[in-house]
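Order-wise, the sequence lines are chains A and B.
Residue 1 is where the first sequence starts when you use the numbering used here, and the numbers rise one by one after that.
Residue 1 is where the second sequence starts when you use the numbering used here, and the numbers rise one by one after that.
Don't read these hints as lab results, they were simulated from the structure.
A portion of the hints provided could be inaccurate.
To be verified - Covered by chain B, according to a simulated footprint, are these stretches of chain A (three or more residues, beta-carbon under 8 Å):
(1) 34-48
(2) 86-97
(3) 270-283
If you're wondering where the values come from, they're calculated on a predicted model, not measured in any experiment.
Where a beta carbon is used, it is the ideal one built from N, C-alpha and C, also for glycine.
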Amino acid sequence: MKNKKGIINIVMFLLVAVFLISLISAEVSYCCEKTTYGAWCQNEDQEKCDSEFQKSATSCEATSYCRNGCCYNSQEGNCMSNTPQRVCNQEGGVWSADNTCDIPQCELGCCLIGKQAAFVTQTRCKRLSNLYGLSIDFRTDIGSELSCVLSATSDVEGACVFIKEFEKTCRRTTQKECNELKAKEGEDAEVDFYEGHLCSDEELGTNCAPSDKTTCVEGDDAVFYIDTCGNIANVYDASKYEDKNYWAEIKDVSESCNYGTDGNPNSRTCGNCDYLLGTTCKEYDRSKDAGAPNYGDNICRDLGCKYEGQSYDHGESFCVVFAQGKLTIAEDENKNTEEKNLPGSRHFRLLCYNNEIIVEPCADFRQEICLQDESNGFLVSACRVNRWQECIQQDNKDDCENENQRDCEWIGGDKCAPKYSPGFDFWAEGSGGDICKGADKDCKMVYEKRIGGDYTCEENCDCDDESWKRKKNEECNSLGDCGMKENYLGHEGYYDMGDLYEKGDIEEPDDEGGGGLLGGLF
Amino acid sequence: MFMEKRGQITIFIILAIVIVALGILLYMFYPEIKSSLGFEDQNPNIFIQNCLQDKIQETVDILTPQGGSLDPEFYYTYQDDKIEYLCYTNEYYKLCSVQRPLLKEHIEKEITKEIQDDVKECFDELESSFRGKGYQVDLNRGVFYVELLPKRIVSTFDYTLSLKKGDDAQVYEQFSIAMNNNLYELVAIATSILDTESTIGDTEITTYMNYYTDLKVEKNKQSEGTTIYKLTDLNTGDIFQFASRSIAWPPGY
Numbered sequence: 001m002k003n004k005k006g007i008i009n010i011v012m013f014l015l016v017a018v019f020l021i022s023l024i025s026a027e028v029s030y031c032c033e034k035t036t037y038g039a040w041c042q043n044e045d046q047e048k049c050d051s052e053f054q055k056s057a058t059s060c061e062a063t064s065y066c067r068n069g070c071c072y073n074s075q076e077g078n079c080m081s082n083t084p085q086r087v088c089n090q091e092g093g094v095w096s097a098d099n100t101c102d103i104p105q106c107e108l109g110c111c112l113i114g115k116q117a118a119f120v121t122q123t124r125c126k127r128l129s130n131l132y133g134l135s136i137d138f139r140t141d142i143g144s145e146l147s148c149v150l151s152a153t154s155d156v157e158g159a160c161v162f163i164k165e166f167e168k169t170c171r172r173t174t175q176k177e178c179n180e181l182k183a184k185e186g187e188d189a190e191v192d193f194y195e196g197h198l199c200s201d202e203e204l205g206t207n208c209a210p211s212d213k214t215t216c217v218e219g220d221d222a223v224f225y226i227d228t229c230g231n232i233a234n235v236y237d238a239s240k241y242e243d244k245n246y247w248a249e250i251k252d253v254s255e256s257c258n259y260g261t262d263g264n265p266n267s268r269t270c271g272n273c274d275y276l277l278g279t280t281c282k283e284y285d286r287s288k289d290a291g292a293p294n295y296g297d298n299i300c301r302d303l304g305c306k307y308e309g310q311s312y313d314h315g316e317s318f319c320v321v322f323a324q325g326k327l328t329i330a331e332d333e334n335k336n337t338e339e340k341n342l343p344g345s346r347h348f349r350l351l352c353y354n355n356e357i358i359v360e361p362c363a364d365f366r367q368e369i370c371l372q373d374e375s376n377g378f379l380v381s382a383c384r385v386n387r388w389q390e391c392i393q394q395d396n397k398d399d400c401e402n403e404n405q406r407d408c409e410w411i412g413g414d415k416c417a418p419k420y421s422p423g424f425d426f427w428a429e430g431s432g433g434d435i436c437k438g439a440d441k442d443c444k445m446v447y448e449k450r451i452g453g454d455y456t457c458e459e460n461c462d463c464d465d466e467s468w469k470r471k472k473n474e475e476c477n478s479l480g481d482c483g484m485k486e487n488y489l490g491h492e493g494y495y496d497m498g499d500l501y502e503k504g505d506i507e508e509p510d511d512e513g514g515g516g517l518l519g520g521l522f
Numbered sequence: 001m002f003m004e005k006r007g008q009i010t011i012f013i014i015l016a017i018v019i020v021a022l023g024i025l026l027y028m029f030y031p032e033i034k035s036s037l038g039f040e041d042q043n044p045n046i047f048i049q050n051c052l053q054d055k056i057q058e059t060v061d062i063l064t065p066q067g068g069s070l071d072p073e074f075y076y077t078y079q080d081d082k083i084e085y086l087c088y089t090n091e092y093y094k095l096c097s098v099q100r101p102l103l104k105e106h107i108e109k110e111i112t113k114e115i116q117d118d119v120k121e122c123f124d125e126l127e128s129s130f131r132g133k134g135y136q137v138d139l140n141r142g143v144f145y146v147e148l149l150p151k152r153i154v155s156t157f158d159y160t161l162s163l164k165k166g167d168d169a170q171v172y173e174q175f176s177i178a179m180n181n182n183l184y185e186l187v188a189i190a191t192s193i194l195d196t197e198s199t200i201g202d203t204e205i206t207t208y209m210n211y212y213t214d215l216k217v218e219k220n221k222q223s224e225g226t227t228i229y230k231l232t233d234l235n236t237g238d239i240f241q242f243a244s245r246s247i248a249w250p251p252g253y
């Protein structure tokens, strides 16, 4: 009998244990080497792990197969951090446990290649050399990308004069290229290099002469003259067309017309374009450019844009709000307006590049906000994280409005609320409800019973006023998609004031004092 | 009499115009006319190029808006495109894990795999074409591979073709198809964006557009945290599009 009781106890214990284990395992996140939906190395519920791959009841970072590290591409010389070991090995990379890629293979240096520079690994530098057929100089003493780019210098160019088909002709080359041409033609060939000279230099006596033709050059912003042999000459400057000196020596872009001013948009006479100033060399197009150039077919095209009747420079970016079904420029972009906080609304950033407005939505549910600034009339904007989460915990104005910490504002003299109220996916259960409760307010109105049986309000008498209700609704709105408000398309919400305001029961006092009525917004 | 003379002159002028027009047409389309009429034996390399280039272009056109895969396994559907995630985390507040660390090599493999049947068919056709013209043909089929290179996509076939007709013998040791395409440059930029997505969680697109003058970068954040990147070469119209989910923010938290 005693044994039977013991067995029942053990069975009961096992059943409870199995139940508890199943409960725990249901909550534990698994590291799936591959999920059923095809993603590699994700922390997921057990049932979402692909059964043909490994899984463990732990975080992926704790596993050997899905630990993130550095994946090195030995062929291209690239390094990619945050790559799971399994993924890297499968794709043919070499994996290292150092997730910061602080390994010798990934050490960066300055790769000087031709006229250009790239801050890359040594293997990548060699690869670039192979791809472009140029000799390289890999400098480990240059430690930043900026100094690397600035250190790029081009070889000195000049006029390479030679005889072709009994005629003295010329090609604009570097000294090295000219030497190669000489080696190809043979030691006896008449090939001479004139550093810094243009082929159209009369003193060289070649068949290359100035022309009224211009061209755009890949990698350069400016419009260049070309000579009758097709060699690139100096930057297009109509006033120098007949200037023999201008056709004799190579001039730097910085020595050419209107350098560093405004990029010479639509200029008929100067082709010193500058992409960063908003112009670049393009073939003249009557529909796009203001006026034809005096010589040649190319012009500095203005890359600016127009949006809602306003002009923007190339490279400018600005914030807009989505209101009444379209993107609209707000009067004061950084001012918090109601339309920026409506349910369904979102912040947008517009960018002007190459005559085109590019729309970039910030994160939905106003988890990102668009901020704009101006420098010498040039607009710059960015989508950045909305730091609203700590607002309702702040109990004083200074902490509340500390812009270094959070995006909040002090409202009603006693409450800290998000400056840009967040959106909620209200259709998902539990989302936002707790936050909206922060605006709940009980207001006890006290009435006094007069002789004759009439009640007159003595305390908190405005709690029943429409203005009090509207004010409380505004406080409620500021916390997020709470309370009564229209959405971003102007459609009414499904709450009205009656849904939000509830009158409580009348409490009769024991003594002869006034009675109370509980009112409040939910 | 005078009218007859005028009529003759008109006929001569019309004839002259027709002859000149025919001459111009012949000049412009001479190689094509010649080969289509079978006046000459086509160069085997050109034969293979003509046979395969449409297929390669078609393959590239399919995979570039889909993140570099012909049949993406794990993707985000955006404007009817299945866009593969190249970096992904299913969690909130976390950096993504790279899903395609060697993107360029992956695309090369995808193209190679997709064209292999067509490669076989084209070389079969090449063989039978020359046999039909009375050649003794010996084709040694080696390996072939596709490479993304600066401004071009190159397919190389290490095949040896020996042709013999009477005393005339020719040997072609390698076949190569080069197509103008800026996919190499776009993939390099995509790789750089992937690196910032996996280390910072977001990418400032103006950096790329300031540096590369003919590049357009579009970034479209979706409600659940996915970001779609679309890179466009403004000169050629070549595009590359991919998805990433990194540092996603849940609504209301």
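The hints, checked one at a time:
A stretch counts as covered by a chain when three or more of its residues have a beta carbon under 8 Å from one of that chain; for the segment 34-48 of chain A and chain B the count is 9, and the coverage holds. Against chain B, the segment 86-97 of chain A contributes 5 residues with a C-beta closer than 8 Å to a partner C-beta. That satisfies the three-residue criterion, and the hint holds. By the rule of at least three residues with a Cβ nearer than 8 Å to a Cβ of chain B, the coverage given for the segment 270-283 of chain A holds, with 3 such residues.
Checked against the numbered hints given earlier, the structure satisfies every one of them.
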